[in-house]
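Novice: Going line by line, the protein sequences match chains A and B. Per the working numbering, residue 6 is the first one in the first sequence, and the count goes up by one each step. Per the working numbering, residue 4 is the first one in the second sequence, and the count goes up by one each step.
Because the hints were derived from the structure by calculation, they are not lab data. Take these hints with a grain of salt, some might be off.
[Unchecked claim] Here's a subset of chain B near chain A, in silico, CB distances under 8 angstroms, partners left out: (1) 16; (2) 20; (3) 45; (4) 54; (5) 62; (6) 66; (7) 93; (8) 104; (9) 105; (10) 110; (11) 112.
Each residue gets a CB set at the ideal place from its N, CA and C atoms; glycine is no exception.
This is what each chain is made of:
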Amino acid sequence: EPEVTQTPSHQVTQMGQEVILRCVPISNHLYFYWYRQILGQKVEFLVSFYNNEISEKSEIFDDQFSVERPDGSNFTLKIRSTKLEDSAMYFCASSETGLGYTFGSGTRLTVV
Amino acid sequence: AQSVTQPDIHITVSEGASLELRCNYSYGATPYLFWYVQSPGQGLQLLLKYFSGDTLVQGIKGFEAEFKRSQSSFNLRKPSVHWSDAAEYFCAAILTGTASKLTFGTGTRLQVTL
Chain A
6 EPEVTQTPSH
16 QVTQMGQEVI
26 LRCVPISNHL
36 YFYWYRQILG
46 QKVEFLVSFY
56 NNEISEKSEI
66 FDDQFSVERP
76 DGSNFTLKIR
86 STKLEDSAMY
96 FCASSETGLG
106 YTFGSGTRLT
116 VV
Chain B
4 AQSVTQPDIH
14 ITVSEGASLE
24 LRCNYSYGAT
34 PYLFWYVQSP
44 GQGLQLLLKY
54 FSGDTLVQGI
64 KGFEAEFKRS
74 QSSFNLRKPS
84 VHWSDAAEYF
94 CAAILTGTAS
104 KLTFGTGTRL
114 QVTL
């Protein structure tokens, strides 16, 4: 069964550093998403991406965040200057139609 | 405001007992509805989804869910719980007609006693 692959599974970074979280969506999917889950809290939408541009973003997705599909297969989330409150599990998801997602197994980001 | 509510934060059931996890939504129109399961340290696995049609939907691992428009509910059920079902369960919704974001409920943690 096709999978969404996320790397790394766990990343520790110092406050103020830039991080890039990587995702390889399912190959024929057209819609891509990032979600996050702060420990013990619910899963929150960050951003959706379709046709090489952001289609929707939440209030969480401020100027510190950016997404890119650099090479037609990878989908990345960049946090420019990490803060302690960015510590969370970040999930990538992809969808063929925009309905019914497949999620990756997540990247646990720890900002120290 | 659009929202998904899971009233039960934590539920404990005995192995072999039946299970019902509650989910209510607040939208102007009928949304697309989903149930996901998350085992500790793992990603989100889709159990089942409802778009339209038959209001009783079957999913993986023996789960089913029933959509009730009159109650704005989409409750998840399983007739006989197994110890391996212990996990966090999330109800989620997409507003009908848009390739849009999933809005998640706060989750229900299921504990199964032997």
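Novice: Each hint needs a verdict: does it hold in this structure or not?
Specialist: Results for each hint:
no. : hint : result
1   : 16   : violated, 22 angstroms
2   : 20   : violated, 26 angstroms
3   : 45   : holds, 6 angstroms
4   : 54   : holds, 7 angstroms
5   : 62   : violated, 12 angstroms
6   : 66   : violated, 16 angstroms
7   : 93   : holds, 6 angstroms
8   : 104  : holds, 4 angstroms
9   : 105  : holds, 6 angstroms
10  : 110  : holds, 6 angstroms
11  : 112  : violated, 10 angstroms
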